[in-house]
Amino acid sequence: MRRVTPVDADAQLMLRVRRGDRQAFRELVERHQRGVIQTIYRAIGDAWEAEDLAQRVFVQVWRSAARYQPTAKFTTWLFTIVHNTILNERRRRARRGAESLEALARSGEQTESPSVQFADTTSADPARAAAERELQMRISAAIRQLPENQRMAIVLCRFEGFSYEEIARVLHCSVPAVKSLLHRARESLKQQLRGCY
Amino acid sequence: MNCQQTQANFDARLDHRLDAARRAEWEAHLNACPDCAAAWRAYQGAWNALGRHVAPEPSAGFVDRTLRRLELPQADPAPTWLSPLWRWVLGSALLAALTAGGWWSWHIHNERKTEAQIEIYVMAHQDRLEDFDVVAALHLLNEDNP
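The listed protein sequences derive, respectively, from chains A and B. Last residue of the first sequence? That's 197 in my numbering, and every number before it is there in order. Last residue of the second sequence? That's 1146 in my numbering, and every number before it is there in order.
Accuracy of the hints is not assured; some may be wrong.
[As the list claims (entries may be wrong)] Simulated coverage check for chain A against chain B, where a stretch passes if three residues somewhere in it have a Cβ under 8 Å from a Cβ of chain B:
hint: 1; segment: 21-34
hint: 2; segment: 66-75
hint: 3; segment: 86-95
hint: 4; segment: 174-181
[Claimed, not checked] Here are the in silico distance ranges between beta carbons for each label pair:
hint: 5; chain 1: B; residue 1: Ala-1093; chain 2: A; residue 2: Ala-9; range: 51 to 61 Å
hint: 6; chain 1: B; residue 1: Ala-1096; chain 2: A; residue 2: Gly-20; range: 21 to 31 Å
hint: 7; chain 1: B; residue 1: Asn-1002; chain 2: A; residue 2: Ser-163; range: 42 to 52 Å
hint: 8; chain 1: A; residue 1: Cys-173; chain 2: B; residue 2: Trp-1088; range: 45 to 55 Å
hint: 9; chain 1: A; residue 1: Asn-84; chain 2: B; residue 2: Asp-1064; range: 18 to 28 Å
hint: 10; chain 1: A; residue 1: Arg-18; chain 2: B; residue 2: Ala-1093; range: 41 to 51 Å
hint: 11; chain 1: A; residue 1: Arg-184; chain 2: B; residue 2: Ala-1037; range: 47 to 57 Å
hint: 12; chain 1: A; residue 1: His-172; chain 2: B; residue 2: Ala-1021; range: 51 to 61 Å
hint: 13; chain 1: A; residue 1: Asp-8; chain 2: B; residue 2: Leu-1090; range: 45 to 55 Å
hint: 14; chain 1: B; residue 1: Ala-1042; chain 2: A; residue 2: Ser-163; range: 17 to 27 Å
Think of the hints as simulated: they come from the structure by calculation, not from any bench. Since the structure is predicted, the reported quantities are computational estimates derived from the model, not experimental observations. All C-beta atoms, glycine included, are put in the ideal place defined by N, C-alpha and C.
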């Protein structure tokens, strides 16, 4: 009997989702929610909005399930939707000149907490905790100052373990272009994160 | 492997894309070259620091909220006139109207300018025209009374 690999499992779930199977959809969301939310968070920098956009991504997956071809790796297809959603969000912000919801939340207009839990980074040592917070802020700023495609390439490579070929499919570019994006992003991060290593 | 080749392979080394032979060659150069070793430490250090970035975990109930969102009616599509094709058509029509308006006002302005120039010319040469009338009248008188 053939063993079902995780990749096959995604494709099989998507085939069920295409037939309108909500349980299969639930499983898909459970499997990929973390990667989708965290990728969007690293691009947008706002936990509340990252969850909202991630929900939109999964709703889009549900509505576009008929267009999914099992020949394409599911995560490549999924993160293409993630990338397009981020680009649309940036365009929307640029059009409306909207401030981030994070800023609204800070100003007190946002009353409902996003209730997003960070992994436990607290420490018994306050100085160490402060240093860790400072490091996180510097890394976040360094990621966000990257151009859109460099940021997506670096996030997919570093945090989602995508290959050059998979990143190329998500960003609709060639493998040499991905190598170039990654190299430029790493050079930029090296400058930005000087003193953090 | 020289310094340039060694540093050009930093990305391949980080992404585990060097085969065993090239990796051995790369490491041999790095062990012998302090400049490349320092450059590598910085490059790898930034990559490792990046890996320490913490992002939020999904909140409790995220999956349920996502499934409930499937029930919501799909947002109304943007009005047809906002579609790219219509925006292009409207933009072209506006440009054509502006061009026609511009040409028309230029034409009217030129016509008025010509009339004003004639008037100025007539005023400037009024005396000479009057003289011409007198000469013409005398000439007619002479013709009538030879």
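Run the structure past the numbered hints and jot down the numbers of the failing ones, going up. 2, 3, 4, 6, 7, 8, 11, 12
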